[in-house]
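*Asks:* Sequence lines, in order, name chains A and B.
Residues 1317 to 1596 (the working numbering) are what the first sequence spells out, left to right.
Residues 206 to 520 (the working numbering) are what the second sequence spells out, left to right.
Misleading hints may appear alongside valid ones.
In the DSSO-like style, the derived pairs of lysine-lysine whose C-alpha atoms are separated by at most 27 Å in a straight line are [stated by the list, open to error]:
1) Lys373/B - Lys1559/A
2) Lys323/B - Lys1330/A
3) Lys1330/A - Lys1584/A
4) Lys323/B - Lys1588/A
5) Lys1425/A - Lys1330/A
6) Lys1512/A - Lys1390/A
7) Lys1453/A - Lys268/B
Please keep in mind that the hints were generated in silico from the structure rather than gathered at the bench.
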Amino acid sequence: MNPTIEKAFHHVGKWINILLKVLVIICVAFPFVWIISTSFKTFPETQIFPPTLIPESLRWENYANALASMPFFKYLRNSLFVAFSVLVLQYIIIIPAAYGFARGKFKGKGLLFGIVLLGFMIPQQVTFVPIYMMFSKMGLLRTFIPLIAPFMANAFGIFLLRQFFMQIPEEIIEAARLDSASSFKILWRIMIPMAKSSVFTIGLLSFISNWNSYFWPLIMTSTDDFRTLPIGVSMLIDSEGQKMWNELMAGNMLLIIPILIIYLVANKQIRKAFTYSGIK
Amino acid sequence: MLSFSNVGTQAAKPRKKKKVKQKYRLGEQLAGYGLVAPAIILLCVFTIYPMLYLIYSSLFDGKLISKKRNFVGFENYEKLLTDSDFLRVISNTVVYSILLVAFTMVLAVLVAVWLNSKVTPRLNSLTQAAIFTPHIISLVSASMVFMWLMDPQIGFINSILTKLGLGKFPFLASPNTALISLVMVMVWKSVGYYSLLILAALQNIPPNIYEAAALDDTPKVRVFFRITLPMISPTVFFTTIVATISSFQVFDTVSLMTQGGPVNSTNTLVYYIYQYAFKYMKLGPAMAAGVILLVFVLVLTIIYFAFLGKKVHYQ
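So here's chain A without its partners, still in its complex pose (with noise of 0.2 Å):
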């Protein structure tokens, strides 16, 4: 083939290409343009046929309104108390037992490491009714107890610290027992500060998926005080009749804002710790 007409194929293909990547973003970000444009509308305006992308003018009564309708604020702290509280418990847990089946010498290791496995991979979708009748049992329903206890110790966190704690050579911890050092000072000035990315990497997924649970809030709570935000948002829908689509876009930008901006600030790191919880 003449060579010019080649380059001139190369190019045209570059073209196509980046109109295709682009078609692919604006395609996968519309829903996200689509809550913002509506939680600006006015009703009528939602109502149009065939419906407009760019609002009238900025209602931010919308927002105003959504924040009227829950106690907004209530399921605000409710949802930061409980992904908090599992964020800092789960460590005190999770750090000390992958540090025992990483280093630890004792007999029925591997039987008790096949209880967390066991824990990875068994769902809550699995086992919800029977947790949910051992809280009522107790009484603790009407506690934040169901929304972080099961999640205290999480088997993934477990799972990924231990292979990181398994990978630090045997020689710097000999080390530090030669100086004297106990248990507690190797885990705690040599093993965690070396571990630092897969602690941060747990701690990220577990304030997300807290952060935008559904499932578990909805069936371990049942009053506004435990409720959490998702919960708070999802029941906007159930409270008018007429779906007023640009309160409840409104509400729903409440719910993301806060992800959305942990992502601009450190979406590489999130996203190489979600290529680590591909795990499960």
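Assemble chain B onto chain A, guided by the hints.
*Replies:* Chain B only, in chain A's frame:
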């Protein structure tokens, strides 16, 4: 999965070296138990016990609140498996799962291969970041915006279809199209995630394999089927199993978008369990259906680990 199997092999090596029976010191043993005890106790309380209780109570008849239980043996299972509503639920779940996993995996592989090319690196990472975004937002928001986009009368998607002269699509309003509409939402939400996993596998393929193909001027399609696909096939296999397990647990979109309707066309296993336990207050069918889900998850998990073990072994 990729990270899983890699770490698995690394982990296996040091263990094999120390095959000689070790003598455990008592203090060391106690320290070990102390470290893992809190986690093991919590896992027993929140995974092992509920699982055993689920199996046990599936043999009883009872209500969520009352304490009275009658032993009925396998009657709950018999009733379920002869109930046309439940069989519909199972077939919905299976159809949903097959459609979702097939669409997601094919798209994820294509997207990953496409974004792995070196033509437009900056745009590639932007595209990757964009298609991953739906994965990190709540299913509540995803479900709601799609209900609105898919509104049969005034929805945005129907405005586009009308403009193209295709007529309106009923989406969630018709029993024929509701299930596939739920599949579409989840494809949008999860393609980015699975393509991320496959992209990681693609980047682990040693480049010198491609160099030989480039010397021979092998056509690109052939390179894809003869080199790329076989190299990423373990990851694709494990990802497919994980995706299947998670698709069987579909609940959020059903609960938010359709409540199982219209006419039971989107009622799926977990939603069925939820309805029986918390709406109809009948524990027997809920528990038996839970055991069926458990068996399914366990079978897939065993397949996963069986192949994982094989892969580690042959490496």
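*Asks:* Next, verify each hint and record whether it holds.
*Replies:* Results of checking the hints against the structure:
For the given pair, Lys373/B sits about 20 Å from Lys1559/A by alpha-carbon distance, which is consistent with the 27 Å threshold. Taking the CA atoms of Lys323/B and Lys1330/A, the gap is near 11 Å; set against the 27 Å cutoff, the hint holds. Taking the CA atoms of Lys1330/A and Lys1584/A, the gap is near 26 Å; set against the 27 Å cutoff, the hint holds. Between Lys323/B and Lys1588/A the CA atoms are separated by roughly 20 Å; this keeps the pair inside 27 Å, and the hint holds.
This hinted pair does not check out: Lys1425/A and Lys1330/A have alpha carbons roughly 56 Å apart, beyond 27 Å. For the given pair, Lys1512/A sits about 33 Å from Lys1390/A by alpha-carbon distance, which is inconsistent with the 27 Å threshold. With a CA separation close to 14 Å, the supplied pair Lys1453/A and Lys268/B stays within the 27 Å bound.
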